[in-house]
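Peer 1: Given two chains presented individually in distinct reference frames, assemble the corresponding complex, making use of the accompanying hints.
Line order of the protein sequences matches chains A and B.
For the first sequence, this note's numbering gives the first residue as 8, with consecutive numbering after it.
For the second sequence, this note's numbering gives the first residue as 553, with consecutive numbering after it.
Incorrect hints may have been included.
[To be verified] Derived EDC-like pairs: lysine to aspartate or glutamate, alpha-carbon spacing no greater than 20 Å straight-line:
1. B:K808 x A:E77
2. A:K85 x B:E557
3. B:K808 x A:D74
4. A:K117 x B:E557
5. B:K640 x A:E99
6. A:K85 x A:E187
7. A:K148 x A:D183
8. A:K28 x A:E222
9. A:K69 x A:D38
10. A:K142 x A:E92
11. B:K808 x A:E19
12. B:K640 x B:E718
13. B:K640 x A:E92
14. A:K85 x A:D38
15. B:K808 x A:D76
16. A:K69 x A:E219
Hint data in this document are derived by calculation from the structure and do not stem from the laboratory.
A quick note: this is a predicted structure, and the numbers were derived from the prediction, not measured.
What follows is the residue order along each chain.
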Amino acid sequence: MKALSISNLKKEYAGGLQALKGIDLEVQRGDFFALLGPNGAGKSTTIGIISSLVTKTSGQVKILDIDIDENHSLAKKKLGVVGQEVNFNQFEKVGDIIRNQAGYYGLSFKEARENAKHYMRKLDIWDKRNEQARKLSGGMKRRVMVAKALVNNPELLILDEPTAGVDIELRRSLWDFLTEINENGTTIILTTHYLEEAERLCRNIAIIDCGEIVENTSMQELLTRLEVETFVFDLTSPLEKLPETTRFNMVLENPSRLKVTIEKGQGLNSVFNSLSELGIEISSMRNETGRLEELFLGLVDSNLNDTK
Amino acid sequence: MTPTEQYRALLTILYKEIHRFMRIWTQTLIPPAIMIMLYFVIFGTLIGKRIGQMGGFDYMQFMIPGLIMMSVISNSYSNVVSSFFGQKFARSIEELLITPLPHYLILLGWILGGVARGLLVGAIVTFVSLWFYDLSVDNWALSIFVVVTTSILFSLGGFLNALFAESFDDISIVPTFIMQPLIYLGGVFYSIQLLPSFWQTVSLANPILYMINAFRYSILGSSDLEALGFSISYAIFMIIGFILLLGSLCLWFLHKGRGIRS
Numbered sequence: 008m009k010a011l012s013i014s015n016l017k018k019e020y021a022g023g024l025q026a027l028k029g030i031d032l033e034v035q036r037g038d039f040f041a042l043l044g045p046n047g048a049g050k051s052t053t054i055g056i057i058s059s060l061v062t063k064t065s066g067q068v069k070i071l072d073i074d075i076d077e078n079h080s081l082a083k084k085k086l087g088v089v090g091q092e093v094n095f096n097q098f099e100k101v102g103d104i105i106r107n108q109a110g111y112y113g114l115s116f117k118e119a120r121e122n123a124k125h126y127m128r129k130l131d132i133w134d135k136r137n138e139q140a141r142k143l144s145g146g147m148k149r150r151v152m153v154a155k156a157l158v159n160n161p162e163l164l165i166l167d168e169p170t171a172g173v174d175i176e177l178r179r180s181l182w183d184f185l186t187e188i189n190e191n192g193t194t195i196i197l198t199t200h201y202l203e204e205a206e207r208l209c210r211n212i213a214i215i216d217c218g219e220i221v222e223n224t225s226m227q228e229l230l231t232r233l234e235v236e237t238f239v240f241d242l243t244s245p246l247e248k249l250p251e252t253t254r255f256n257m258v259l260e261n262p263s264r265l266k267v268t269i270e271k272g273q274g275l276n277s278v279f280n281s282l283s284e285l286g287i288e289i290s291s292m293r294n295e296t297g298r299l300e301e302l303f304l305g306l307v308d309s310n311l312n313d314t315k
Numbered sequence: 553m554t555p556t557e558q559y560r561a562l563l564t565i566l567y568k569e570i571h572r573f574m575r576i577w578t579q580t581l582i583p584p585a586i587m588i589m590l591y592f593v594i595f596g597t598l599i600g601k602r603i604g605q606m607g608g609f610d611y612m613q614f615m616i617p618g619l620i621m622m623s624v625i626s627n628s629y630s631n632v633v634s635s636f637f638g639q640k641f642a643r644s645i646e647e648l649l650i651t652p653l654p655h656y657l658i659l660l661g662w663i664l665g666g667v668a669r670g671l672l673v674g675a676i677v678t679f680v681s682l683w684f685y686d687l688s689v690d691n692w693a694l695s696i697f698v699v700v701t702t703s704i705l706f707s708l709g710g711f712l713n714a715l716f717a718e719s720f721d722d723i724s725i726v727p728t729f730i731m732q733p734l735i736y737l738g739g740v741f742y743s744i745q746l747l748p749s750f751w752q753t754v755s756l757a758n759p760i761l762y763m764i765n766a767f768r769y770s771i772l773g774s775s776d777l778e779a780l781g782f783s784i785s786y787a788i789f790m791i792i793g794f795i796l797l798l799g800s801l802c803l804w805f806l807h808k809g810r811g812i813r814s
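So that you can see chain B by itself, here it is in the shape it has in the complex (with noise of 0.2 Å):
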């Protein structure tokens, strides 16, 4: 295929990706949007002001970019393992198999469709979040590469999910025992310096704590990373690092035909 078919092919699976989320707009758009809501009810107006500071800032202040980054991986994930998932399921991959469309483009088409969600789902809860607190950004360049690089990452993670994945269960599986533990002790809610040391060093060993922090850093201008001897830049190291990791394993399956070739 020539650069500018290739281009229109990836156009073509973006747009049907899109198409696919915003049809279901209701399941996939609208239910971050009250889970947040709840979220700045429950937690930061009624126990946040009994909370105080958290990290040197309000509660809800606190609690915005670690809400809006989980929001973030969370959609993204369940994007991408969804979709891909449910076109295996119904055979649907089949129409992309048959064609030229190289592993890379099939890839990339996909991961743009959880970005794209991923981060329509950030806006609106920024949104949502800004009825609640006066936000202001300290570094934009920052939180867009934070939020945008997390998001591939974690749309790398479901398409290599729904590879693997052989039935329902399986999609969500990794989501419910393994990313939201990880993302709710990744330090939404609290600062990780509340804990006792040993569970700060057991919480360093979750990556989830870095992008959050980053995220966070991007936002307020000061997280936990710098408090624990870690600068951003390791963070974001670690994202792009995990990037190329996840990225190449996604392309070495899908050239072995891992889950869609027999």
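Same shape as in the complex, but just chain A (with noise of 0.2 Å):
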């Protein structure tokens, strides 16, 4: 079974704007599918069209083989939503926030505390619960919107950035309790700027731009189209000058700093090889980018050049 099947799904807006000119995407259940592109490609008005937050101009959009428009009521209860941005009456406490989206749903008063009590223990708001919203942090608010999107229990969760902005712990718990989710049977969909979150969560991707998929696979076969990786090695005595080598495309940053970029089916043990042989020492070595930093950029850049 499917759990997000979108066909031929178009949506201009008044002015001309094509946000979307015919996407088909398919997500099975059970995934973890990151939705990538960059600003404006379309990800928000997808999310806004599946989520009824904008209306389509043509096509078909399916939640677990029910068709949105044949059968609205039941498409929506399999589905939780989290916002790009907070969408909660700030003045309102956080317990009342998660409890009353679980009534709009039509959950039982006892219900939709007790959904609303475990997730709010899950992700650590529960000393929160009775705080007016607005007096919360950042991060405290989007935790908020992740409890308010599960207290339903959908099949499917959509997330559109949930991590933006919000500091590297909250982002590490949220990731955490996200795979959790996941491996107890929650489809996933996020789209997020954060690349490396994507690489680490997601088993199967697409990237849109300029309202077309232009990629749509799974991660693991996306990362091996990678053709050159940069490395960065910090090393343990500074160099003076580069010492001459043809294996390697080299530059030294600074005298602690070499940048070595490898091409694809050069393995690693290869480079520290050669720096050994050259009396190099390293401490440390990272990754420049991430590396479905360097796809992305790729099939982005790609798709301008080909729709200029």
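Peer 2: Below, the structure is given as structure tokens:
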């Protein structure tokens, strides 16, 4: 069963802007799926249409094989959405916000209270349940958004940049939480600008640009397409001058930092061997950019050139 | 959604709406009480004594049903328009739009919220008026019917205004430039029989005149309507007709996503 099935989805805003040019997308049940794209690519419009915040121009959307036009109510029961911006009444108490959201789905008072309690505890906001939401930090508000989206126990959870602007500690705790609920069977669709987040969490990926899906594959398959990778090495002893070698493309950024670009098929072992032969000792290393980031930029740039 | 789920969802919206206006009771419940008290002191006690009789009743007695109705109308309207537009403005309306809630339930929830505040303020004003005048009610059933249906009607008006409003200025234009003049010229403070015949005819085009007079009739047992050749059932028909019209418009615009979906 597919958790989400989109076919030939188009959206033209008043004024003529074509935000979606007939996209097709399928997300399997149980998947952790990344929907990536630059700003204005059509990600939020797609999510808006799935969640009924945006009216589609044409096309079909099915949530767990239920057409949102034919059985809107049933389809929406299966869905939870974490929007990009805070979208709750900030003058209400945290507990009320989450319990009310459960009430809108028709849960009984007891169920609403229990679900709200469960997710507030899971997301470490139980202590804040009697506080007005406006008094919370940005990160705490994000947690409230996630708890609110989960309070009806949705089978499909869509998160539109859930970790934007939050500190690394919260980001990592959210990653762990999302991984846990995904392992428990919830299908997750994630949009994010933090590509390492998508690389770390998601099994499948679609990249949308200028209203079109430019890539739709598994994360593993996509990463194998990476032709070159650049690593930054921190050196134990500073170098005055870059030693001559033809095996790799090396740049001495400063006396203590060496940048090496290796091609697909060249293992890291050969880099270490070469550096060792040249008498260069390394204290630490890292990727210059995320692997997914390099691929993403390549795909988006080539699509931009094609459309010019 | 099953009927039980719909009922729970409706109760949630209603609870939230009542909780909202009760939380800000100093802005929603106290000002109407103070305003009405001032009306009673100035127009009832000080000026009213010099006016004497109006429409066959003491001036204060004549004025009370109009003032109650004025409070019900303006509070029902302002509750819905400010609450719904506020949710649109803060984007918290998205909380509801992403759920399985049908449109009619969203509308009904807000209307019930508006009616709850309208009736509560109406009750406060009635209570205040009892300090100034020993009021008796001629027809309880009719008075409750008229006040509830009028509250529903103006809650619908507020909802429609909120759907179209794009700024806070837009939610004050209709109350300031349309509703307040119609309420004040609808016979709250005077009998339209005092007007020259031309202005009496003009006044008959004011729908609020029928609501105020229907309520006055239910309290006092007499109003301008019969004197001008209109029956109370005509006023009731008019209120119900407007409810059906505005209710249909609200549902239509909700369905089209006017002001709430891009």
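Peer 1: Work down the list of hints and note, for each, if the structure agrees.
Peer 2: Against the structure, the hints come out as follows:
1. B:K808 x A:E77: 16 Å, holds
2. A:K85 x B:E557: 15 Å, holds
3. B:K808 x A:D74: 19 Å, holds
4. A:K117 x B:E557: 13 Å, holds
5. B:K640 x A:E99: 16 Å, holds
6. A:K85 x A:E187: 19 Å, holds
7. A:K148 x A:D183: Roughly 18 Å separates the two Cα atoms, so the pair holds.
8. A:K28 x A:E222: 15 Å, holds
9. A:K69 x A:D38: Given pair K69 of chain A, D38 of chain A holds - Cα atoms ~16 Å apart, limit 20 Å.
10. A:K142 x A:E92: 16 Å, holds
11. B:K808 x A:E19: 16 Å, holds
12. B:K640 x B:E718: Distance of about 9 Å is within 20 Å: holds.
13. B:K640 x A:E92: 13 Å, holds
14. A:K85 x A:D38: 15 Å, holds
15. B:K808 x A:D76: 14 Å, holds
16. A:K69 x A:E219: 19 Å, holds
Of the numbered hints stated above, none is contradicted by the structure.
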